[in-house]
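*Asks:* Sequence:
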Amino acid sequence: MTEQRNGQGTLHYIASHHGNIPILRLLLGILLVSFFLLALMLQIQTSEAFLLNGPAVSLAPNWGILRQPIEMLAGSLTANQAKAVLWGWCIELVYLVCVIGEVSVHGKLQAWFKTGAIVLVIFDSWADFSYGNLASGFWGQVAFAAITAFVVAFFGTIGLNLIWGALADFSH
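Note that the sequence shown covers residues 1 to 172 in our numbering.
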């Protein structure tokens with residue numbers, strides 16, 4: 001009976017706080033950031049596959065992608081690999097700048113940046129569509145490209161906001 005009352009008390013607490021419980025927000029934030037990193041790595045892989053004229057990539061993310069900028073700076077990549085790394089990472093960085101909106105480009109350059117960013121983001125989605133390896137056909141490829149773009153666009157920012165908010169609540 002006490003166990004049932006404790007369960008009801010927990011449910012009442014969650015309901016009265018509308019799910020705004022720091023530990024749940026922290027866990028959700030970590031999950032969103034994790035999926036953001038997975039989608040980001042997949043987008044980088046598909047962009048690199050395009051530039052290298054490679055085969056479709058497997059949907060298993062390659063965690064080595066996170067080391068690529070360091071390997072490029074160290075000079076340990078071939079010229080073609082370095083070009084693909086620069087291409088893949090720069091497209092993602094442009095995409096993230098557009099999502100976060102922290103662009104301080106003004107005047108004529110602002111219009112050029114926005115136009116270039118739109119073209120690159122559309123291209124990034126096309127690369128996801130073309131180089132993501134799914135057996136589900138055309139609509140599966142469209143769904144993969146759309147959800148990958150959505151996850152990269154929103155999960156990182158939302159996840160970090162949830163994490164920082166939860167940590168701030170823990171500190172009170």
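In case anyone wonders, no lab produced these hints; they're calculated from the structure.
Virtual Cβ for every residue (Gly too), placed ideally from N, Cα, C.
Check each hint, because a few of them may be wrong.
What the hints assert, rightly or not - Taking CB as the label site, the calculated pair distances span:
#	residue 1	residue 2	range
1	ILE147	ALA111	41 to 47 angstroms
2	LEU52	GLY116	34 to 40 angstroms
3	SER58	CYS90	21 to 27 angstroms
4	GLY54	PHE150	39 to 45 angstroms
5	TRP139	TRP164	33 to 39 angstroms
6	LEU66	HIS172	32 to 38 angstroms
7	LEU109	ILE21	20 to 26 angstroms
8	ALA74	HIS172	28 to 34 angstroms
9	PHE170	GLY137	35 to 41 angstroms
*Asks:* Indicate, hint by hint, whether the structure satisfies it.
*Replies:* We went through each hint and held it up to the structure:
no. : hint                                : verdict
1   : ILE147 / ALA111: 41 to 47 angstroms : violated (30 angstroms)
2   : LEU52 / GLY116: 34 to 40 angstroms  : violated (22 angstroms)
3   : SER58 / CYS90: 21 to 27 angstroms   : holds (23 angstroms)
4   : GLY54 / PHE150: 39 to 45 angstroms  : violated (25 angstroms)
5   : TRP139 / TRP164: 33 to 39 angstroms : holds (37 angstroms)
6   : LEU66 / HIS172: 32 to 38 angstroms  : holds (34 angstroms)
7   : LEU109 / ILE21: 20 to 26 angstroms  : violated (45 angstroms)
8   : ALA74 / HIS172: 28 to 34 angstroms  : violated (44 angstroms)
9   : PHE170 / GLY137: 35 to 41 angstroms : violated (46 angstroms)
Hint violations for this structure: numbers 1, 2, 4, 7, 8 and 9, all remaining hints satisfied.
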